[in-house]
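Protein chains in written order, with our numbering: chain L, 87 to 483; chain S, 5 to 336.
Hints listed in this document are in silico derivations from the structure and should not be mistaken for laboratory results. Check the hints yourself; a few may be wrong.
Said to hold, decoys possible - Chain S stretches covered by chain L per the calculated footprint, using a threshold of three residues with CB under 8 Å from any CB of chain L:
| hint | stretch |
| --- | --- |
| 1 | 48-55 |
| 2 | 83-89 |
| 3 | 151-160 |
As the list claims (entries may be wrong) - Below are the SDA-like pairs computed for lysine to any residue, each with C-alpha atoms no more than 20 Å apart in a straight line:
| hint | chain 1 | residue 1 | chain 2 | residue 2 |
| --- | --- | --- | --- | --- |
| 4 | L | K232 | S | Y86 |
| 5 | S | K83 | L | G188 |
| 6 | S | K87 | L | D189 |
| 7 | S | K155 | L | K463 |
| 8 | L | K463 | L | P365 |
| 9 | S | K155 | L | T229 |
| 10 | S | K83 | L | P365 |
| 11 | S | K85 | L | P365 |
| 12 | S | K85 | S | S69 |
By construction, the Cβ of each residue, glycine as well, lies at the ideal position given by its N, Cα and C atoms.
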Amino acid sequence: MNPTVISVENVSKRFRINSNKSLKEMVVNRRTTRSNTTDFWALRDVSFDVTAGTTLGLIGHNGSGKSTLLKVVGGILTPTEGSVRRRGRMAALLELGAGFHGDLTGRENVYLNAAILGLSRQQTDRYFDDIVAFSGIEKFIDTQVKFYSSGMYVRLAFSVAIHVDPEILLIDEVLAVGDEAFQRKCLDKIKTFQREGRTIVFVTHGLDLVRELCDRVVLLDHGRTVVDGDPVEAVRIIRDTWQEQAVTEAAARDIPDAEEGNGAMSIGDVRLLDTSGAPISRLTPGQPCVFEFDVASASRTDDWVSGIAIENHLDQLCYGVNSSMLGRHLEPVTGHRTVRFRIPELTLGEGHYHLTVAVHSREGIEYARKNRVANFKVYSDRQQVGPVYLEPEVEVR
Amino acid sequence: MPSTTATPLPAGTSPEKPRNRESTATTLEHRGHTDVDVAQLPMTVVHARRPFLGGFSSDVRDIWSYRGLLAQLVRKELKVKYKDSVLGFFWTLVRPMIQLVIYYVAFTLFLGNTQPAYAIFIFSGLVVWGLFTDIVGGSTGSIVGNGGLLKKTYFPREIFPLSVVGASIVNFLFQLVVLLLALGLAAVTGHRVTPTWDLALVPLALVVCIVWATALGLFLAAATVYLRDLQHLIEVILLALFWLVPIVYAITLPLNAFAANGHQALLTAYLANPMLNVIAAFQRAFYTMGPEYMFQADLWPRLGVLLLVGAGLLWLAQRYFARVQGDFAQEL
Numbered sequence: 087m088n089p090t091v092i093s094v095e096n097v098s099k100r101f102r103i104n105s106n107k108s109l110k111e112m113v114v115n116r117r118t119t120r121s122n123t124t125d126f127w128a129l130r131d132v133s134f135d136v137t138a139g140t141t142l143g144l145i146g147h148n149g150s151g152k153s154t155l156l157k158v159v160g161g162i163l164t165p166t167e168g169s170v171r172r173r174g175r176m177a178a179l180l181e182l183g184a185g186f187h188g189d190l191t192g193r194e195n196v197y198l199n200a201a202i203l204g205l206s207r208q209q210t211d212r213y214f215d216d217i218v219a220f221s222g223i224e225k226f227i228d229t230q231v232k233f234y235s236s237g238m239y240v241r242l243a244f245s246v247a248i249h250v251d252p253e254i255l256l257i258d259e260v261l262a263v264g265d266e267a268f269q270r271k272c273l274d275k276i277k278t279f280q281r282e283g284r285t286i287v288f289v290t291h292g293l294d295l296v297r298e299l300c301d302r303v304v305l306l307d308h309g310r311t312v313v314d315g316d317p318v319e320a321v322r323i324i325r326d327t328w329q330e331q332a333v334t335e336a337a338a339r340d341i342p343d344a345e346e347g348n349g350a351m352s353i354g355d356v357r358l359l360d361t362s363g364a365p366i367s368r369l370t371p372g373q374p375c376v377f378e379f380d381v382a383s384a385s386r387t388d389d390w391v392s393g394i395a396i397e398n399h400l401d402q403l404c405y406g407v408n409s410s411m412l413g414r415h416l417e418p419v420t421g422h423r424t425v426r427f428r429i430p431e432l433t434l435g436e437g438h439y440h441l442t443v444a445v446h447s448r449e450g451i452e453y454a455r456k457n458r459v460a461n462f463k464v465y466s467d468r469q470q471v472g473p474v475y476l477e478p479e480v481e482v483r
Numbered sequence: 005m006p007s008t009t010a011t012p013l014p015a016g017t018s019p020e021k022p023r024n025r026e027s028t029a030t031t032l033e034h035r036g037h038t039d040v041d042v043a044q045l046p047m048t049v050v051h052a053r054r055p056f057l058g059g060f061s062s063d064v065r066d067i068w069s070y071r072g073l074l075a076q077l078v079r080k081e082l083k084v085k086y087k088d089s090v091l092g093f094f095w096t097l098v099r100p101m102i103q104l105v106i107y108y109v110a111f112t113l114f115l116g117n118t119q120p121a122y123a124i125f126i127f128s129g130l131v132v133w134g135l136f137t138d139i140v141g142g143s144t145g146s147i148v149g150n151g152g153l154l155k156k157t158y159f160p161r162e163i164f165p166l167s168v169v170g171a172s173i174v175n176f177l178f179q180l181v182v183l184l185l186a187l188g189l190a191a192v193t194g195h196r197v198t199p200t201w202d203l204a205l206v207p208l209a210l211v212v213c214i215v216w217a218t219a220l221g222l223f224l225a226a227a228t229v230y231l232r233d234l235q236h237l238i239e240v241i242l243l244a245l246f247w248l249v250p251i252v253y254a255i256t257l258p259l260n261a262f263a264a265n266g267h268q269a270l271l272t273a274y275l276a277n278p279m280l281n282v283i284a285a286f287q288r289a290f291y292t293m294g295p296e297y298m299f300q301a302d303l304w305p306r307l308g309v310l311l312l313v314g315a316g317l318l319w320l321a322q323r324y325f326a327r328v329q330g331d332f333a334q335e336l
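Looking at chain L on its own, in the form it has when it is part of the complex (with noise of 0.2 Å):
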């Protein structure tokens, strides 16, 4: 059993929002500044125990109180109730290069980074190849780093946070930042990190990110723990909040149906449906599924095409398809149809999708098109990553 190294016990944080910071201020507004001070809890007791070799992530919508919560951890904050205990020396990288000064060279701030981390002089010394190393900006390390690109000093920055060789990693979204290879070789080290036994936890909006790292997660949501465990149900949780939202915010901007084209003809009710065709709303990858609409034409359309498109979430084209790249020649409408697309097999992986339908000529021109309007998740036992669903055998000869 690996021993506790982060014990957070029912941590509360409130914040007072409370705008009058100066004695003029204060003055003039002195009878309602009692009134005018607002609280705000941006966590609401929160307790978990890391063990040492975890790595957990914490996810959450902007304003979950993530963040607060590392600078809890972190000491940065004091928590207003509750307590946090830990183990070991600790590197924050909440922001990168936060103590670096733009008017010392790249050499002077390696060791005054190092210093806040709680490096002592000698070990900078000892480390210090390392970190030029590994930030590849050896011909830069004596300039002034407001000479830096923004490349660079993260590159500095990072380079110096992972080097002081700390039992508890904090990170907070910070590697969204510097080229891709860079950002690999991040990866790369935080995966050594884990092997090592080190515990890390991080902050990211990157869900992608959390399956691939995380052996834990917790999920806040205005400050307070919603989902404390796999990363995989923590993630689908997540992503289920967030389409609401954005189905409600659509709704609230009152789109009606996302309809658009030139009217020539309409398109009635979508809809999923399984293979006895009863109405679902969630797969799982290889499953057999119908996507079902109505059209309709007020006058006779000879020239007409019928087509469908699933994106994924992030508006992304996993797949688009129509009759005619099917091969067929559709027969002239008048009145209603039911256009039937059957897939033998879904070979998509996990994640949330929207179905487009549309009908147009063959030329191009659009009668009609719903935009999103099937929504279906595909819940997969299976750790992949990407939306096509596959089901590879590996073997090493």
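For chain L, the structure is supplied; the task is to place chain S on it using the hints.
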């Protein structure tokens, strides 16, 4: 016979992930980390609430463990001050030298002041007054000015004002060198420069000055976070205080004036000023050309009492600082 074949993992279990500590140690970069047994390290409470009365010594221990960082920050303050300038750190010496020349030209040549070696008189008070204002003025903005660092990293917040204290002391030492050079020049030009026992007052006076300035600095650094006006207020107050201490004028002038009109209470208040006593000690130690212009009281007990009071204030200021520092990051 026991089975030697491994049981295959049931379907659906977590696939191999890098975090499952692999036995293939080829890619491991060990710097002796695995030697550290995490379980052996003590579990410490982050920001343990320390009692107001008894928390001073543990706070001081915390600060002491960050002395390396303190040294780095002092170095940073000094380096950044004269960054990119050709003369660089030499300016620390140039500034007081020019000051000295200006005082000589303005007061002795232009205004015809008859006090012997008047420039040395002014400068011996000014060096230590400069130390006091550097510490108080610099500390006041040190927390607010370092907000970026404070919101992202943790170390004892006292380090910020203390780094100002450190940098100010280094600057002071350079000015002291200039003062000694000037004294040498005065001796060469025929002024009476004689070392007296009053020189022994200098370390004590210096400690009194640093303790009082640090106490004020700690308090103001923390209070400024909640009331930003203090930063500007302090500038004005220091300007006024400058004329309440005998730097430009000899202390004998107000003493005689108080004696003439008999305001005994005001006189006591005037003399209770810690900086007045510190400056008087410096003048008696370094300005030996005109003993008739000096404060004649016995400075040893006066400075001793001021040191005790100052130490009490320093304790109080640190406790106040410790109490409010937990909220710095959210107030900035």
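Results of checking the hints against the structure:
1. 48-55: holds (count 5)
2. 83-89: Satisfied; 4 residues make the cut.
3. 151-160: holds (count 8)
4. L:K232 <-> S:Y86: holds (16 Å)
5. S:K83 <-> L:G188: holds (12 Å)
6. S:K87 <-> L:D189: Roughly 7 Å separates the two Cα atoms, so the pair holds.
7. S:K155 <-> L:K463: violated (40 Å)
8. L:K463 <-> L:P365: holds (13 Å)
9. S:K155 <-> L:T229: violated (26 Å)
10. S:K83 <-> L:P365: violated (71 Å)
11. S:K85 <-> L:P365: violated (72 Å)
12. S:K85 <-> S:S69: Between K85 of chain S and S69 of chain S the Cα gap is close to 26 Å, so the pair fails against 20 Å, i.e. violated.
Going through the hint list in order, the structure does not satisfy hints 7, 9, 10, 11 and 12.
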